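Using the sequences and the hints given, assemble the complete structure.
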Amino acid sequence: MEFRRGRPLAWAILSLLGLGGLSPPAFAQSANVQSASTSTCNIKGRVTLTIAGIRSEVPLTCVNPTGQSAPGSDASALASTTALGIPAIANLASVSAPFGESAWKNSPGTTMLIGDAGASDVALLQDGVSTADVAGRIDCVSTTGSAIVDCAAAMAIGALHIGGQEVDLPPEPIPINTVVPIANLDLAVALPLVGTIAVPINGAVTLNRVEVTGQDSNNPRIEHAPISVSASGSVDVLGVGLVGVDIRLDDYTDMKITWRSDAGPVAITLRPAPYESLEVVEIPGATSQ
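FYI, the numbering for the sequence shown is -28 to -1, 1 to 261, going by mature numbering (1 follows the signal peptide of the UniProt record, and there is no 0).
A portion of the hints provided could be inaccurate.
Unchecked claim - Pair by pair, the computed Cβ-Cβ distance ranges are: (1) Glu138 to Ala3: 41 to 51 angstroms; (2) Gly25 to Thr241: 40 to 50 angstroms; (3) Glu248 to Ser48: 15 to 25 angstroms; (4) Thr20 to Ile120: 30 to 40 angstroms; (5) Ser52 to Thr20: 21 to 31 angstroms; (6) Gly167 to Asp188: 48 to 58 angstroms; (7) Asn191 to Thr150: 26 to 36 angstroms; (8) Pro246 to Thr116: 22 to 32 angstroms; (9) Gly25 to Thr53: 33 to 43 angstroms; (10) Gly236 to Leu50: 37 to 47 angstroms; (11) Ala55 to Ala3: 15 to 25 angstroms; (12) Thr241 to Glu29: 29 to 39 angstroms; (13) Leu214 to Ala51: 39 to 49 angstroms.
Read the hints as simulated data drawn from the structure, not as lab findings.
Source: prediction; values computed, not measured.
Glycine residues also receive a C-beta, built at the ideal position from the N, C-alpha and C atoms.
Right, here's the structure in full:
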């Protein structure tokens, strides 16, 4: 019964937040690669806010984007700090001095795709998760005659704090998809007509996250994030009902490859690597032009 009484107020709150109208839920290269693209964002993500069963999902703007879909490179660096949030949840993420690069390099018979992104400081979940000097890079290489794209995923991080406590980190190369739990953080959510409430959230920080879709197909996609945060939680608010949040934030590289249909399906192999080793790696005769 509390759920039913809370729905009109929930609609009013979402309307005041501006969310009421949202719907709920070549040559000289690898001969196998028909097309490809690489893009980076220093922070991207989405927030789902649920009030008394009414669900609104809000994407967060990509900070400092780069993108490359032909031989060449696109790089960007900012000296400033950028903060992201939504009307109900301020300071979801902030990133200081972000840098990013998307690149496509060719040498005879070989194509290398590169995504590199990082920042001097990243703070997430209203400073519940913070990092110093975080950077990540993924290099994926295709060679003519091979049905494998070999990807090396790397990250470097100066420090990671969760709930104000420093986390012990594994040495480099940091293993792919290293998970660190998030427990009992409070997220301040401002609700018009109600006020600011604290929503307890739990989740995980994933370091050197890699996700591959389209494995063993002609259209693989490789997503890499040196730091990825997912967290959710809810609280019952008198007169409103259940208020829930679900958040995903990434420092992000996205690679998409179209494999020649007559070359058969492609397999993606993954391995961790030290970040500095990828910064200096080159392929003989490579050019980005």
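Structure versus earlier hints - violations, ascending order
Failing hint: just 11.
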